[in-house]
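Student: Chains as they are written, first to last, in the numbering used here: chain A, 1 to 117; chain B, 1 to 115.
Note that these hints are calculated values from the structure, not bench results. Glycine residues also receive a C-beta, built at the ideal position from the N, C-alpha and C atoms. There may be inaccurate statements among the hints.
To be verified - One side only, chain A facing chain B, incomplete, derived with CB under 7 Å: (1) 43; (2) 45; (3) 48; (4) 82; (5) 83; (6) 108; (7) 115; (8) 116.
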Amino acid sequence: NAGVTQTPKFQVLKTGQSMTLQCAQDMNHEYMSWYRQDPGMGLRLIHYSVGAGITDQGEVPNGYNVSRSTTEDFPLRLLSAAPSQTSVYFCASSYSGQVPGSGNTIYFGEGSWLTVV
Amino acid sequence: AQTVTQSQPEMSVQEAETVTLSCTYDTSENNYYLFWYKQPPSRQMILVIRQEAYKQQNATENRFSVNFQKAAKSFSLKISDSQLGDTAMYFCAFMKRWGNTPLVFGKGTRLSVIA
């Protein structure tokens, strides 16, 4: 997963606390996205961005905010954490318009384990 | 909206045997891509194989091949000569061909290869 860095890797939050999951890539990728992975649910898209200043909602955006002020960074903010947000979060990036395979790659971060108690 | 369904939450196979993982999808698009991703215990996401919907020929990558049935919206993955290292979660995924849209994943199939 070289090139996409997620921090922190592990975090425990109390209900109602806020925090930001950081995602950074150094490959000049326009396209970045956040997924959450829950047991039996696969990866579900939270938010994505096709370039600096442009973001859009995915399948499960409620409770999360994003911004894209630079090409490199795409932070995910939890404004008031809830136990339902306990999950593993993955950030991904790629060149805009490129499809995985045939030399094109979506790069995934190593995941951030979040527990809300 | 596109949906991807993997109806087998868990499967197991003996080492060296062949196993097939099922995937169906729903879309009104005509041009799209389908993928199988492998996620080992490390949680890394590894692209196994991809299929272009406009190609009738089924994709193959070494021991991995697909059976793509566009009319039936079915996209199964066959793993031949299964190896212990194939033990992982496998996700089927969909992407439109145009429009910078993200991957849509199925819920995954946990495959265990037994020695």
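Student: Now tell me, hint by hint, if it's right for this structure.
Tutor: Status of each hint after checking the structure:
no.: 1; hint: 43; verdict: holds, 4 Å
no.: 2; hint: 45; verdict: holds, 5 Å
no.: 3; hint: 48; verdict: holds, 5 Å
no.: 4; hint: 82; verdict: violated, 22 Å
no.: 5; hint: 83; verdict: violated, 21 Å
no.: 6; hint: 108; verdict: holds, 4 Å
no.: 7; hint: 115; verdict: violated, 16 Å
no.: 8; hint: 116; verdict: violated, 19 Å
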